[in-house]
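Chains A and L supply the protein sequences, listed in that same order. If you count the first sequence from 1, position 119 lands on 124 in the working numbering, and the numbers rise without skipping. If you count the second sequence from 1, position 318 lands on 463 in the working numbering, and the numbers rise without skipping.
Hints may contain errors.
[To be verified] 20 Å max Cα-Cα, derived EDC-like pairs, lysine to aspartate or glutamate:
| hint | chain 1 | residue 1 | chain 2 | residue 2 |
| --- | --- | --- | --- | --- |
| 1 | L | K282 | L | D471 |
| 2 | L | K519 | A | D148 |
| 3 | A | K64 | L | E381 |
| 4 | L | K494 | A | D62 |
| 5 | A | K143 | L | D471 |
| 6 | L | K494 | A | E65 |
| 7 | L | K239 | A | E65 |
| 8 | L | K239 | A | E137 |
| 9 | A | K88 | L | D515 |
| 10 | A | K143 | L | E242 |
Calculated directly from the structure, the hints in this document are not laboratory data.
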Amino acid sequence: MTREQATTLIGERFGVAQVEGESPLVVTLPVDQWASFARFAKETLGCRFFSFSTAVDWKEQGLEVVAKVDNLDERLSLLMKTKLGAGVTTCPSLVPIYRGANWMERECYDMFGIRFEGHPDLRRILLSEDWEGHPLLKSYAVDTPHPPYR
Amino acid sequence: MTLRLDDPSVAQGDPGPSTPLRVAPSSSRGGETTGGSTASRVELDYSGGERLTMNMGPQHPSAHGVFRAILTLEGEQVVAVDAVIGYLHRCHEKLSETLTYAQYPSIASKTDYVAAMTSEFAYVMAAEQIGKIEVPKRAQYLRVIAAELQRIASHLLWLGTWCLDMGGALGGGATIFLYCIREREMILDLFESLVGARLLYGFYQVGGTRYDIPEGWTDACRKTVDVIDSRIGEYEGLLEENPFFLVRARGVGVISRELAEDVGIAGPLLRGSGVSFDIRRSAPYSSYEDFTFDVPVEADGDCFSRYRIRMVEFRESIKIIRQALDRLPEGPISSRPGLKSVAQIRIPKGEAYARVEGPRGEVGCYLIADGSAKPYRMKWRGASFSNLSVLPHIIPGHKVADVVAIMGSVDPVFGEVDR
Numbered sequence: 006m007t008r009e010q011a012t013t014l015i016g017e018r019f020g021v022a023q024v025e026g027e028s029p030l031v032v033t034l035p036v037d038q039w040a041s042f043a044r045f046a047k048e049t050l051g052c053r054f055f056s057f058s059t060a061v062d063w064k065e066q067g068l069e070v071v072a073k074v075d076n077l078d079e080r081l082s083l084l085m086k087t088k089l090g091a092g093v094t095t096c097p098s099l100v101p102i103y104r105g106a107n108w109m110e111r112e113c114y115d116m117f118g119i120r121f122e123g124h125p126d127l128r129r130i131l132l133s134e135d136w137e138g139h140p141l142l143k144s145y146a147v148d149t150p151h152p153p154y155r
Numbered sequence: 146m147t148l149r150l151d152d153p154s155v156a157q158g159d160p161g162p163s164t165p166l167r168v169a170p171s172s173s174r175g176g177e178t179t180g181g182s183t184a185s186r187v188e189l190d191y192s193g194g195e196r197l198t199m200n201m202g203p204q205h206p207s208a209h210g211v212f213r214a215i216l217t218l219e220g221e222q223v224v225a226v227d228a229v230i231g232y233l234h235r236c237h238e239k240l241s242e243t244l245t246y247a248q249y250p251s252i253a254s255k256t257d258y259v260a261a262m263t264s265e266f267a268y269v270m271a272a273e274q275i276g277k278i279e280v281p282k283r284a285q286y287l288r289v290i291a292a293e294l295q296r297i298a299s300h301l302l303w304l305g306t307w308c309l310d311m312g313g314a315l316g317g318g319a320t321i322f323l324y325c326i327r328e329r330e331m332i333l334d335l336f337e338s339l340v341g342a343r344l345l346y347g348f349y350q351v352g353g354t355r356y357d358i359p360e361g362w363t364d365a366c367r368k369t370v371d372v373i374d375s376r377i378g379e380y381e382g383l384l385e386e387n388p389f390f391l392v393r394a395r396g397v398g399v400i401s402r403e404l405a406e407d408v409g410i411a412g413p414l415l416r417g418s419g420v421s422f423d424i425r426r427s428a429p430y431s432s433y434e435d436f437t438f439d440v441p442v443e444a445d446g447d448c449f450s451r452y453r454i455r456m457v458e459f460r461e462s463i464k465i466i467r468q469a470l471d472r473l474p475e476g477p478i479s480s481r482p483g484l485k486s487v488a489q490i491r492i493p494k495g496e497a498y499a500r501v502e503g504p505r506g507e508v509g510c511y512l513i514a515d516g517s518a519k520p521y522r523m524k525w526r527g528a529s530f531s532n533l534s535v536l537p538h539i540i541p542g543h544k545v546a547d548v549v550a551i552m553g554s555v556d557p558v559f560g561e562v563d564r
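For reference, chain A alone in the conformation it holds in the complex (with noise of 0.2 Å):
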């Protein structure tokens, strides 16, 4: 699958999203989208390697979910992305869809405080359960004191 062929394919099933750049192609989807693409970017894309799951403080403009999967055989490379809208802090799971996603969105939860619909086990993953804040959230200063040390 070539690099126009994919870019054909998704303008056909998904009017709605943006694509461009070469590799990797970034495809800009509506949140509604979100996991129906990734079902189609694995089964008909043949993107079936998924690489990470991140996500990006805009600020006043809200957070958006990135996703990275590749078709290993074919060479393509995906970057989806979704704008949640500002204030919003829920995304459709992509975990039913690819099990890597499992860890990568906790630590987006983690990070971001962004919660996961239809994530099997939503947890804080690298900082402790008593964790207040979402640390890569823009609005949370590098010197938050965190009291009681340990």
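Start from chain A and add chain L according to the hints.
Structure of chain L alone, referenced to chain A:
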């Protein structure tokens, strides 16, 4: 003075350490009726029907770091695993937003401290992609040499410690561990004469490398790889002719191709599961297309396959180093002028995902720049993080002793898992 068991002063006193802690309910030994203390005895049934929760770690020596596996056991068999990570979290991603492009590469080496060159490489490549910064050919070759030496050093540490983990099967296992450390020292000496540091380097810089090679370094490097090349066969002989090693590695911890891709494991694990994917080959960076080398693939997906992949990779890395030393071009080592201040490198607005093939697989850096001297957001795709997340899928069904072998074969570095 002799003590008799029926002596009332003994029976009613403290039972002492020689008393068995757990007594099967049906046993009726002498001295059991010690008046009232029977109620405190714990009765356990070892038939396997009862589940036991066992904490392996966070300070278990075979974890190669701080990692806690909460194992649910049925007898000797593991039925479920909950992995607890984060003990080594140092908020690299938040920290990178406060450090400039000139400062962070040295910190990046602390994510994966066993292969420090790799993460620096990914970070500077991401910045160069956004800024469209050219890297001189000589610097590209030096980067390749450093990265391949690092791969050998990392695989040597993995081989030594993994064999130490399976010590009982290898007559103590310390022999091969000491051999590997001996060879790794030679590479660390090379790095020391190149950079001045043995473990965390700061060798890569946006635009090139920080140092050029000193006089006589290429000869020292050639000698080192010759010695290592001659000794790999020795390790293979030690291990592959040892039936105990084969029993512990073959058919243990099998990862299917489907699971491997779905979880996103990379590097030797992915190639051990039958996927021919190596970023150096599939998406060449830093002049890797100039060198000829093979990408090993094994189909079985077990610990032995992963071991074989890494043994072949030793030789392929040596091949690449020799070619790079032979054809090392003359010229500058950086496309940027010397820095007068740490905030001098400004990367224009944009984003990039740069990935390199580290010793543990795809190390990726997703970087978003906003035009200032510091990144807006940086995400590490740590190979160890993804590789470790396969453990809950493959460990259930194995015996406790196999957990050690499987965990070692995954080769996690917890600096990279927790970042």
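**OP:** Would you mind confirming whether the straight-line C-alpha gap from K88 (chain A) to D515 (chain L) stays at or under 20 Å?
**Re:** holds (18 Å)
**OP:** With a cut-off of 20 Å on the C-alpha distance, tell me whether K239 (chain L) and E65 (chain A) pass.
**Re:** holds (19 Å)
Original post:
Do the alpha carbons of K494 (chain L) and D62 (chain A) lie within 20 Å of each other, as the hint requires?
Top reply: holds (16 Å)
**OP:** With a cut-off of 20 Å on the C-alpha distance, tell me whether K64 (chain A) and E381 (chain L) pass.
**Re:** violated (55 Å)
**OP:** Would you mind confirming whether the straight-line C-alpha gap from K519 (chain L) to D148 (chain A) stays at or under 20 Å?
**Re:** holds (17 Å)
Original post:
K143 (chain A) and D471 (chain L): Cα distance at most 20 Å?
Top reply: Answer violated: K143 (chain A) to D471 (chain L) is near 49 Å, above 20 Å.
**OP:** Below or equal to 20 Å on CA atoms is what counts here, so check K143 (chain A) against E242 (chain L).
**Re:** holds (10 Å)
Subject >> Hint consistency between K239 (chain L) and E137 (chain A) [alpha-carbon to alpha-carbon, up to 20 Å] >> reply: holds (16 Å)
Subject >> Restraint status (C-alpha distance of K494 (chain L) to E65 (chain A) at most 20 Å) >> reply: holds (18 Å)
Original post:
Straight-line Cα separation of K282 (chain L) and D471 (chain L) no greater than 20 Å?
Top reply: OK: K282 (chain L) and D471 (chain L) at ~14 Å, within 20 Å.
Comparing the model with each earlier hint shows violations of hints 3, 5; every other hint is respected.
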